[in-house]
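Residue numbers (my numbering), protein chains in the order written: chain A, 4 to 259; chain B, 36 to 395.
No wet-lab data here; the hints were simulated from the structure. Where is the CB? At the ideal position from N, CA and C, for every residue including glycine. Any given hint might turn out to be false.
[Unchecked claim] Chain A regions said to be covered by chain B (calculated; three or more residues, Cβ under 8 Å): (1) 143-156; (2) 160-167; (3) 174-183.
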Amino acid sequence: MTIFVVSVLAILIFVLPLVAASEFSFRGAKGMGHSFTNYIWLIHQDGFSEHILTSLQLAVLSGLLNLILMVPTAVLLHLKLAKWRSLVEFICILPLIIPVVSLAIGAQVSMPKFIQNSQYELVCFFVIIALPFTYRALDAALSSIDIKTLVEASRSLGASWPATIVRVIIPSIKGGITSALFLSFALAIGEFTITSLLHWDTFPTWAVVAAQQNILGAIALSVFSFVGAVLLMVLIALFSNRKRSKTNSKLEEVAA
Amino acid sequence: MSNDKNSSRVSSKLELSNITRKFGSVTALAGLNLTVEPGELVALLGPSGCGKTTALRIVAGLESADSGSLFVNGVSYLDKPANERDMGMVFQSYSLFPNMTVSQNIEYGLQVRKIESTKRRKIINEKLELVALGEKANSYPHQLSGGQQQRVALARALAIEPTVLLLDEPLSALDAQVRSQIREEIRRIQLSLGITTLFVTHDQEEAMSIADRVGVMSHGKLEQIDRPISIYNNPATPFVASFVGQANKIPAQVTDRGNVKVLGQKIQLSKHSIDIADGRSVTALIRPESLHIVSESDPEGTAGQVVIKSFLGPLTKLGITIEGGLLVHLNVPSTEVRKIEIGDRISIMIVAEEVMVESA
């Protein structure tokens, strides 16, 4: 009974607005009939594809940079620097506490000029705002396994440190890495406030301006953004699962 | 990995000399000396914090020593990193790589050594057969029971044909029945391969039943290392006497010429404690099985009242309060105590050639 009530509520709160928005986005001029007119209008707007590409590029870079920084940090904290864990946890929570305006202006001042002058400075900000989520995802993955014993087992079997990292640590926390990548990517692709404060243009800031010109186009834009984001996440999940099963079957072939 | 090389690897001599290790102000090892002969299984036994696991980890290269030396077949190993020591290790917690199947886990060390695939496959099959897990080759660790996981861990450690096999309390996470089964399996495999093995445990039954020699450790040092039967029957120190097996602590007095008077009987002092001065009050350590029930009219008997009676199968454990309210335990054949009930008065006497004492 409880499940039924929760399901109905979930449908009312989450699904109904989406269905309504989708239906609305296909309406023709003056709300008459259904067509792709609003979507066609949207993709013909100046800067549509350029801004999507810019956002994708920044999201991919920030996701990767996040992993490059946070995976070794989290592993080190679990293996050798356990006493620093609470300090790092505190630092990783700061982006949630510090107001975005202070973060944007304050952090920008401390960056070298060549980064300040490039839109890639946004990557640094996206990494910072994703820190609380990526650290938690990686920390949870590392806490769920006995990483110290696994590393020691690998070393005692003759593996070097790089081999241990690539063949034991990373595959063992793959779930956490994928989650961290998802979260970082999702935050970066939808980030508006910092981008707007620093006067850069990405898909979200472009979308705000574009939406002001056509109300039905704005709804189409919302639906497009939502569906696009979901599809991207599904693609990343599928890619990572396919890669995992490929690696597994390859190893099984060798073992057979 | 030719057969010749294998046979030399499995018959390695391990020597630890004066190994010390401190963690801050805590001394984990205080000059440990230990030699494990080729093909021998030595168990390090001791309470928590005695340094046994630290010693094992230093041998494996997972911990560094502050001073001392470590030799395998006369070659110094102390400066070698863990991955260059060729030592197989089985850990207390299940240490199988969760992303790999049983076969892949066993194969891991072989791949690292760049052994060609046909040979790898042959070794994997051999080891799977050795631990009787052939049908689980493609299972993942989470699909195996604790006992099966430890058998795979053993197979994985043996696959690399290690110089020394190191076992760090490998049975402590298993339930009693599986533990005794795996214990026998480890011993069978160790004997069949003749591999030099160092086994760390806090479980004396485990150590006594599996090892050629048992080293009892306390405060970072070996108190005694000997065959299990000698450790039990001729403990070298009061610590060994009280840690290994059970011992009643009964007030006694050293009399003339190395004898001790305990429960009214005169018994020879153990050779390990013979230098104690005559007339001194001491505490005698008497094993429960060294106390026998005698007739109440026996002049050498000590009378007491039965307060505990625990049936242990072939033996029954009795608890008796004697003069002064001291509680002593004795293990007697169950057939002898059928008619004895709690509250009965019985007489006991010590049946032992010599007795270990400690300062009162």
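Status of the hints after comparison with the structure:
1. With 6 residues having a Cβ less than 8 Å from any Cβ of chain B, the segment 143-156 of chain A passes the three-residue criterion, so the hint holds.
2. Counting residues of the segment 160-167 of chain A whose CB falls under 8 Å from any CB of chain B gives 5; the rule of at least 3 is met.
3. With 3 residues bearing a CB less than 8 Å from a CB of chain B, the segment 174-183 of chain A meets the requirement of three and the coverage assertion stands.
Going through the hint list in order, the structure satisfies each hint without exception.
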